[in-house]
Amino acid sequence: MNAEMDRAEQRVNLTKEPGTYFVIVDDEEVYDWPVWKTGEELKRYVVEVQRAADSEVERYVQREDLTAACDDSQSPLKFRTYQAVSHGHAAALAMREFAEQMAFEELTDVFYADELAFTGAGFGDSSS
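Per the working numbering, the sequence shown runs over residues 31 to 158.
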């Protein structure tokens with residue numbers, strides 16, 4: 031048995047380093063009448079996740095290719111950039127961002143409804 035083979039030259043780094051990830055998402059999937067009729071929530075579909083290249087030139091070309099793919103697509107795809115530690119983390123960030131947007135839109139609707147209901151109570155314009 032060779033004792034030299036049992037020793038590592040250096041320790042292995044098992045930590046995940048954060049990096050830039052490019053994500054393509056689809057917020058407006060194909061229109062589905064039964065889903066619309068049941069009132070099911072809108073969903074975000076993560077289509078593609080890529081880790082950005084380390085080289086500045088490669089990263090630029092990668093970004094241009096993905097942006098062109100979104101622009102040329104027949105469905106309304108969106109290109110997003112996230113700082114994450116893995117592909118799954120980047121996809122989760124994209125889903126969380128969409129959930130926050132939907133919650134904010136619902137909150138805006140609630141405030142707008144309150145404003146319409148209580149115009150005389152100091153909300154909105156009052157004719158006094």
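Heads up, some of the hints might be wrong.
Claimed, not checked - The list that follows gives simulated cross-link-like pairs (lysine to aspartate or glutamate, EDC-like), each with its CA atoms no further than 16 Å apart:
id	residue 1	residue 2
1	Lys73	Asp56
2	Lys73	Glu135
3	Lys108	Asp56
4	Lys108	Glu47
5	Lys73	Asp57
6	Lys73	Glu58
7	Lys108	Asp95
8	Lys46	Glu94
9	Lys108	Glu78
10	Lys108	Glu39
11	Lys46	Glu135
12	Lys108	Glu136
13	Lys73	Glu127
14	Lys108	Glu86
Stated by the list, open to error - DEER-style ranges, computed between Cβ atoms:
id	residue 1	residue 2	range
15	Tyr75	Glu47	25 to 31 Å
16	Glu88	Asn43	19 to 25 Å
17	Ser85	Glu136	39 to 45 Å
18	Gln40	Phe134	45 to 51 Å
19	Ala122	Glu86	25 to 31 Å
20	Ser103	Gln40	44 to 50 Å
If you are wondering where the hints come from, they were derived from the structure by calculation, not from laboratory data.
Note that beta-carbon positions come from the ideal geometry of N, C-alpha and C, so glycine has one too.
Going down the list of hints, with the structure as the test:
1. Lys73 / Asp56: Satisfied, since the Cα-Cα distance of roughly 9 Å is no more than 16 Å.
2. Lys73 / Glu135: Roughly 14 Å between the alpha carbons, so the hint for Lys73 and Glu135 holds.
3. Lys108 / Asp56: holds, 6 Å
4. Lys108 / Glu47: This hinted pair is violated, its Cα atoms lying about 26 Å apart.
5. Lys73 / Asp57: Status holds; Cα separation ~6 Å.
6. Lys73 / Glu58: holds, 8 Å
7. Lys108 / Asp95: Holds - the C-alpha atoms of Asp95 and Lys108 are around 13 Å apart, at most 16 Å.
8. Lys46 / Glu94: violated, 27 Å
9. Lys108 / Glu78: holds, 11 Å
10. Lys108 / Glu39: violated, 45 Å
11. Lys46 / Glu135: violated, 34 Å
12. Lys108 / Glu136: violated, 21 Å
13. Lys73 / Glu127: Given pair Lys73, Glu127 holds - Cα atoms ~12 Å apart, limit 16 Å.
14. Lys108 / Glu86: violated, 22 Å
15. Tyr75 / Glu47: 25 to 31 Å: holds, 28 Å
16. Glu88 / Asn43: 19 to 25 Å: Cβ of Glu88 to Cβ of Asn43: about 23 Å, so the range 19 to 25 Å holds.
17. Ser85 / Glu136: 39 to 45 Å: holds, 42 Å
18. Gln40 / Phe134: 45 to 51 Å: holds, 48 Å
19. Ala122 / Glu86: 25 to 31 Å: holds, 27 Å
20. Ser103 / Gln40: 44 to 50 Å: Between Ser103 and Gln40, where Cβ atoms are some 45 Å apart, the hint holds.
When each numbered hint is compared with the structure, violations occur for hints 4, 8, 10, 11, 12 and 14.
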